[in-house]
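J.: The hints should help you fit chain B onto chain X, whose structure is shown.
Number of protein chains: 2
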Amino acid sequence: MAAHGFWSLGGDNASANTGSQSPSTPRAWCQAAAQKLPGGFGSKLCALLNVAEMEKTADVPTKKPLENSAGSCGCNKPCNCPKGTVIFSDLYSTDLLPAMDGDTKTMTFLQEVVDILLAYIVESFDRETKVVDFHYPNELLQMNNWELQDEPATLDDILISCRATLKYAIKTAHPRYFNQLSTGLDMVGLAADWLTSTANTNMFTYEVAPVFVLLEYVTLKKMREIIGWSDGRGDGIFSPGGAISNMYAMLLARFKMFPEVKEKGMSSVPRLAAFTSEHSHFSIKKGAAALGIGTESVICIKADESGKLIPADLERRILEAKQKGFVPFFVSATAGTTVYGAFDPLIAISDICKKYNVWMHVDGAWGGSLLMSRRHRWKLDGVERANSVTWNPHKMMSVPLQCSALLVREEGLMQNCNQMHACYLFQQDKHYDLSYDTGDKALQCGRHVDIFKLWLMWRAKGTIGFEAQIDKCLELSEYLYNKIKDREGYEMVFDGKPQHTNVCFWYLPPGIRYMEDKEERKKHLHKVAPVIKARMMEYGTTMVSYQPQGDKVNFFRMVISNPAATFEDIDFLIEEIERLGQDL
Amino acid sequence: MAAHGFWSLGGDNASANTGSQSPSTPRAWCQAAAQKLPGGFGSKLCALLNVAEMEKTADVPTKKPLENSAGSCGCNKPCNCPKGTVIFSDLYSTDLLPAMDGDTKTMTFLQEVVDILLAYIVESFDRETKVVDFHYPNELLQMNNWELQDEPATLDDILISCRATLKYAIKTAHPRYFNQLSTGLDMVGLAADWLTSTANTNMFTYEVAPVFVLLEYVTLKKMREIIGWSDGRGDGIFSPGGAISNMYAMLLARFKMFPEVKEKGMSSVPRLAAFTSEHSHFSIKKGAAALGIGTESVICIKADESGKLIPADLERRILEAKQKGFVPFFVSATAGTTVYGAFDPLIAISDICKKYNVWMHVDGAWGGSLLMSRRHRWKLDGVERANSVTWNPHKMMSVPLQCSALLVREEGLMQNCNQMHACYLFQQDKHYDLSYDTGDKALQCGRHVDIFKLWLMWRAKGTIGFEAQIDKCLELSEYLYNKIKDREGYEMVFDGKPQHTNVCFWYLPPGIRYMEDKEERKKHLHKVAPVIKARMMEYGTTMVSYQPQGDKVNFFRMVISNPAATFEDIDFLIEEIERLGQDL
Chain X
2 MAAHGFWSLG GDNASANTGS QSPSTPRAWC QAAAQKLPGG FGSKLCALLN
52 VAEMEKTADV PTKKPLENSA GSCGCNKPCN CPKGTVIFSD LYSTDLLPAM
102 DGDTKTMTFL QEVVDILLAY IVESFDRETK VVDFHYPNEL LQMNNWELQD
152 EPATLDDILI SCRATLKYAI KTAHPRYFNQ LSTGLDMVGL AADWLTSTAN
202 TNMFTYEVAP VFVLLEYVTL KKMREIIGWS DGRGDGIFSP GGAISNMYAM
252 LLARFKMFPE VKEKGMSSVP RLAAFTSEHS HFSIKKGAAA LGIGTESVIC
302 IKADESGKLI PADLERRILE AKQKGFVPFF VSATAGTTVY GAFDPLIAIS
352 DICKKYNVWM HVDGAWGGSL LMSRRHRWKL DGVERANSVT WNPHKMMSVP
402 LQCSALLVRE EGLMQNCNQM HACYLFQQDK HYDLSYDTGD KALQCGRHVD
452 IFKLWLMWRA KGTIGFEAQI DKCLELSEYL YNKIKDREGY EMVFDGKPQH
502 TNVCFWYLPP GIRYMEDKEE RKKHLHKVAP VIKARMMEYG TTMVSYQPQG
552 DKVNFFRMVI SNPAATFEDI DFLIEEIERL GQDL
Chain B
2 MAAHGFWSLG GDNASANTGS QSPSTPRAWC QAAAQKLPGG FGSKLCALLN
52 VAEMEKTADV PTKKPLENSA GSCGCNKPCN CPKGTVIFSD LYSTDLLPAM
102 DGDTKTMTFL QEVVDILLAY IVESFDRETK VVDFHYPNEL LQMNNWELQD
152 EPATLDDILI SCRATLKYAI KTAHPRYFNQ LSTGLDMVGL AADWLTSTAN
202 TNMFTYEVAP VFVLLEYVTL KKMREIIGWS DGRGDGIFSP GGAISNMYAM
252 LLARFKMFPE VKEKGMSSVP RLAAFTSEHS HFSIKKGAAA LGIGTESVIC
302 IKADESGKLI PADLERRILE AKQKGFVPFF VSATAGTTVY GAFDPLIAIS
352 DICKKYNVWM HVDGAWGGSL LMSRRHRWKL DGVERANSVT WNPHKMMSVP
402 LQCSALLVRE EGLMQNCNQM HACYLFQQDK HYDLSYDTGD KALQCGRHVD
452 IFKLWLMWRA KGTIGFEAQI DKCLELSEYL YNKIKDREGY EMVFDGKPQH
502 TNVCFWYLPP GIRYMEDKEE RKKHLHKVAP VIKARMMEYG TTMVSYQPQG
552 DKVNFFRMVI SNPAATFEDI DFLIEEIERL GQDL
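Here the protein sequences line up with chains X and B, keeping their order. As numbered in this note's numbering, residues 2 to 585 make up the first sequence, in order. As numbered in this note's numbering, residues 2 to 585 make up the second sequence, in order.
Isolated chain X (complex conformation):
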């Protein structure tokens, strides 16, 4: 078959791009460090200088000029600084390891990337820096050459691409980034993620990930202990996000009740019904659609004013479903809803689940981490009665994305539900204890190593460190709530102190504060949050989410999971909303 014409060169010349090493053309990477920083810190200074240089250029970062101070490593004395010996504009990826004599070039290249990253990190935590340098998609597409080419780019181009990518990235570590449930950047978590990338392996067998498999075992057990399951017994897995964890739970519930579904499919099973609050996460419906259960079989239970599922309505709807011939098999209670941060009443729900013999799942993707806090874990009372729990350390515990766990009370069920015995991966005559080959209980085959960052952070903080971090975020949200609940121009979306860090409110610009026509006022108010949000992004000063919910027009949903945020950042947010919204 003919090639499709996406190569412009006739031959394989990738190996011809091997550049040669130059004797000495440094960029004076840590020059003047001694003068500027106590203790001297070349790498940092240099990185910051790069940023300054980059900012001097146009929107599209271009090659930065190399300085001519050959032989200076930043100690202000002539020496053999490695940074001075490699010219990236002459080098290609083929010059790096595993190339012969690629060691020095590789380490210098990676060090250069690390310098860019270190500068970005320091910048991200700096309140003087923008959270985002926002551009519309079409603009951004034209701001750089993002297209893929037939020909290789030099390592210098690669470094430029790295800088450009970060220039337009959202600074998710920024103390004023509040946009998602996952915010912040933990330094130990980051280090762990760098190590994970370097180890570049796969969770399916002990053979290829011995330490990581053990750490997953240790950590899941600890999480189950914290849930309150006796001796930490049970099962679990780290999955690619809370939606997949919830889908696993639904899959297990179905298999537990109708194991024949694995071989025979849904045609062997009566019509099923799943139940979850009208405020629950959309992944419950997504899961039901994927698993062949269908979204109509997901029955939405009424929530009260503060967003908690009403148990009486759950029971009523279970009975109703049974009368219609459906088999109730799954209740997903939410511990920390996405918008209100509400905790469903787990004890009452578990009583109902027990009465009707239904699998009880707790979607604690957002709120599960409150189990780490002695002050707040009462909000999940009853979680120990659940059959399964989703808990995303990448949200409230600020573990780098992605890190989501599904914990399961019954041992062996996941394996039975999902195993396919692929003999090329899970050989039965291996020379070690095969119970550590956890891959066959997953839906995935290859599985990314998500455990190490959580484990290392836990090690670094201790349980009490996570607790302190979580408690602080909840204090900040209480501060926000107290600050605005009676403030002129604000209305709370629901009454009472929020249970999680979600503070939901309307900001009413002066112009609509006293509008008499309620419908007119509502119509205006609906447009306020999107405009303020767009302005926030254009100024780049902060980011916070908004949405409508039911018959409630667009309101702000402030969430705090960012350990970098302080009381002053909360004050700033309020001032900023007022500044950007006063003319609306």
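Mixed in with the good hints, there may be bad ones.
The list cannot tell twin chains apart, which means a pair is met if one copy fits it or any two copies do.
Stated by the list, open to error - Derived DSBU-like pairs: lysine-lysine, alpha-carbon spacing no greater than 30 Å straight-line: (1) K431 <-> K486; (2) K223 <-> K528; (3) K356 <-> K222; (4) K442 <-> K498; (5) K265 <-> K356; (6) K257 <-> K553; (7) K168 <-> K222; (8) K528 <-> K431; (9) K355 <-> K265; (10) K484 <-> K131; (11) K473 <-> K325; (12) K325 <-> K265; (13) K168 <-> K223; (14) K442 <-> K265; (15) K486 <-> K519; (16) K323 <-> K265; (17) K355 <-> K325; (18) K222 <-> K303; (19) K486 <-> K131; (20) K553 <-> K484; (21) K323 <-> K524; (22) K486 <-> K323; (23) K303 <-> K265; (24) K498 <-> K519; (25) K484 <-> K519.
These are calculated hints, taken from the structure and not from any lab test.
T.: Okay, now just chain B, sitting in the frame of chain X:
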């Protein structure tokens, strides 16, 4: 509710652990660099020294002694080297950013981690280093304190944990690591993954991942062009691995034929039948089980001696299924089977799919990358007729794990199939083009950024660079095949030159080479590969996979996707198998 007793301290003292900065206690991080390495390379040398130090200690790495050469940064002259100013044994994670004045400590800490990683990388490519320092699970559990504690550990302990983790890790970059379809470590890919971790964001909206969303768009389009879809039109997504990509394909196929399944579930749908080769990946059955289709509805089609699906058998089984009242909806052809590396005849299969109006999926998780090679892409002739294609750049293209794409020919279908319109994430009144909010077409909610490493590697290598890398791996496998096909003591599992880099063979130790009793010989032979593999791991010299298949007893499956491997490494593998197996 009372705490569960997993804290041993009464109060929140995490913040009490703030260590103070010491004036000057360096570890002479790049001492003597000038003497040892031309060009001087302190960081490298230092990192190597750390490894040497670590190896001097017992199996459990402990604190390394700090050297007393205060004021030396490795240039052999007194200076203010930053490495000398931070004592990690006095510091905790709470001293790092966002802590006040955490900049220097953070950068020094991260630099220390990077030094550990750089040393590991250099070691990994060194053939003198073991591929694995293997220990059985129970041993490894006892070799370090892996347990999670209530109290925080010092940053020094964290660095020790990083070293310990890498000490027992599999060196997947090692030129003699052949164990999985994903091997090797690309330096640009690694740099990109470090950047991805640092950017720490989520793919669901343009709002929080503007560059990455655009790069996914650009790259998916390029991949579709390479498949041969006109103007690169179509759709696609990066998913957490080939198994999930295949599950997406099956989900789309079902939705395409029966869109009502999304709301009504499988009870609205006739009994479905899916078809795939008996040599296909187990994820097809896993997906069918999860989606409520059932494994019995996956009909395994016969493969020929070399592992290719037999089209006549496919047609026969489709007709048979129809007769039994099943509705054939999905054929998954494999481009590069896991064990044999066989390519199913796509053109013949596509004719059958067209005739019976069945969705044609190509599972090219392993073999899809051959599309990048002008010499080898004919093996996928017909792929452009597929409705969907799985292609894992983390396998043959050596992109760091995980990086798997599903490409779909029909635009809009993924969105219709999976969207749930969560109004708190996919607000319809945002200020930018909403077609870039790709999250609602995924099964996941949060989605890890897997695109940047592929994009940056593509940039660095160009299409021709990937081509050269792939062609080289295929050359190596041909070399292996030629070397052993007539060599005494070897038997090939199937005749003829392999189409991918999979070389499947038995090694017959002298003792069983001339056994007359065929059953006895088979019984013995079945035990040979597991023993040799166990010995390989104990010596740590190389790793290669083995498995039985059908009635064939355990054989070695050699695969080459590691760009670091050379002809000499192939020679080594053969010598090693003979050395370790001669007494069996």
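J.: Next, verify each hint and record whether it holds.
T.: Outcome of the hint check:
For the homomeric pair K431 and K486, the shortest alpha-carbon distance between copies (27 Å) is at most 30 Å, but the shortest distance inside one copy (63 Å) is not. Neither within a single protomer nor between protomers do K223 and K528 lie at most 30 Å apart by alpha-carbon distance, with minima of 46 Å and 38 Å respectively. For a Cα distance limit of 30 Å, the shortest separation of K356 from K222 inside one copy, 28 Å, qualifies, whereas the shortest one across copies, 53 Å, does not. For the homomeric pair K442 and K498, neither the shortest alpha-carbon distance inside one copy (41 Å) nor that between copies (35 Å) is at most 30 Å.
Proximity of K265 and K356 under a CA criterion of 30 Å is satisfied in both settings, with 28 Å inside one chain copy and 27 Å between copies. With identical chains, the CA atoms of K257 and K553 are never at most 30 Å apart, being 39 Å at best within one copy and 35 Å at best between copies. For a Cα distance limit of 30 Å, the shortest separation of K168 from K222 across copies, 24 Å, qualifies, whereas the shortest one inside one copy, 41 Å, does not. Within a single copy, K528 and K431 get their C-alpha atoms only as close as 63 Å, which misses the 30 Å cut-off; across copies the closest is 10 Å, which meets it.
Taking the closest pair of Cα atoms, K355 and K265 come within 30 Å of each other both inside a single copy (27 Å) and across two copies (27 Å). Proximity of K484 to K131 under the C-alpha cut-off of 30 Å is restricted to the intra-copy arrangement: shortest distance 25 Å within a copy versus 60 Å between copies. In the homo-oligomer, the alpha carbons of K473 and K325 never lie at most 30 Å apart, since the shortest distance is 48 Å inside one protomer and 63 Å across protomers. With identical chains, the CA atoms of K325 and K265 are at most 30 Å apart both within one copy (24 Å) and between copies (15 Å).
Taking the closest pair of Cα atoms, K168 and K223 come within 30 Å of each other only across two copies (24 Å); inside a single copy the shortest separation is 39 Å, beyond that limit. Taking the closest pair of Cα atoms, K442 and K265 come within 30 Å of each other both inside a single copy (19 Å) and across two copies (28 Å). With identical chains, the CA atoms of K486 and K519 are at most 30 Å apart within one copy only, with a shortest distance of 21 Å there and 84 Å across copies. Taking the closest pair of Cα atoms, K323 and K265 come within 30 Å of each other both inside a single copy (23 Å) and across two copies (17 Å).
Taking the shortest alpha-carbon separations for K355 and K325, only the intra-copy value of 20 Å comes in at or below 30 Å, while the best inter-copy value is 41 Å. Taking the shortest alpha-carbon separations for K222 and K303, neither the intra-copy value of 34 Å nor the inter-copy value of 43 Å comes in at or below 30 Å. For a Cα distance limit of 30 Å, the shortest separation of K486 from K131 inside one copy, 28 Å, qualifies, whereas the shortest one across copies, 63 Å, does not. In the homo-oligomer, the alpha carbons of K553 and K484 lie at most 30 Å apart inside one protomer (22 Å), although the nearest pairing across protomers, at 73 Å, exceeds that limit.
Proximity of K323 and K524 under a CA criterion of 30 Å is satisfied in neither setting, with 41 Å inside one chain copy and 56 Å between copies. In the homo-oligomer, the alpha carbons of K486 and K323 never lie at most 30 Å apart, since the shortest distance is 43 Å inside one protomer and 65 Å across protomers. Taking identical chains as interchangeable, the C-alpha atoms of K303 and K265 lie at most 30 Å apart only when they sit on different chains, with a minimum of 22 Å there against 34 Å within one chain. In this assembly of identical chains, the alpha carbons of K498 and K519 lie at most 30 Å apart only when taken from the same copy (26 Å versus 78 Å across copies).
Taking the shortest alpha-carbon separations for K484 and K519, only the intra-copy value of 26 Å comes in at or below 30 Å, while the best inter-copy value is 84 Å.
The structure shown violates the earlier hints numbered 2, 4, 6, 11, 18, 21 and 22.
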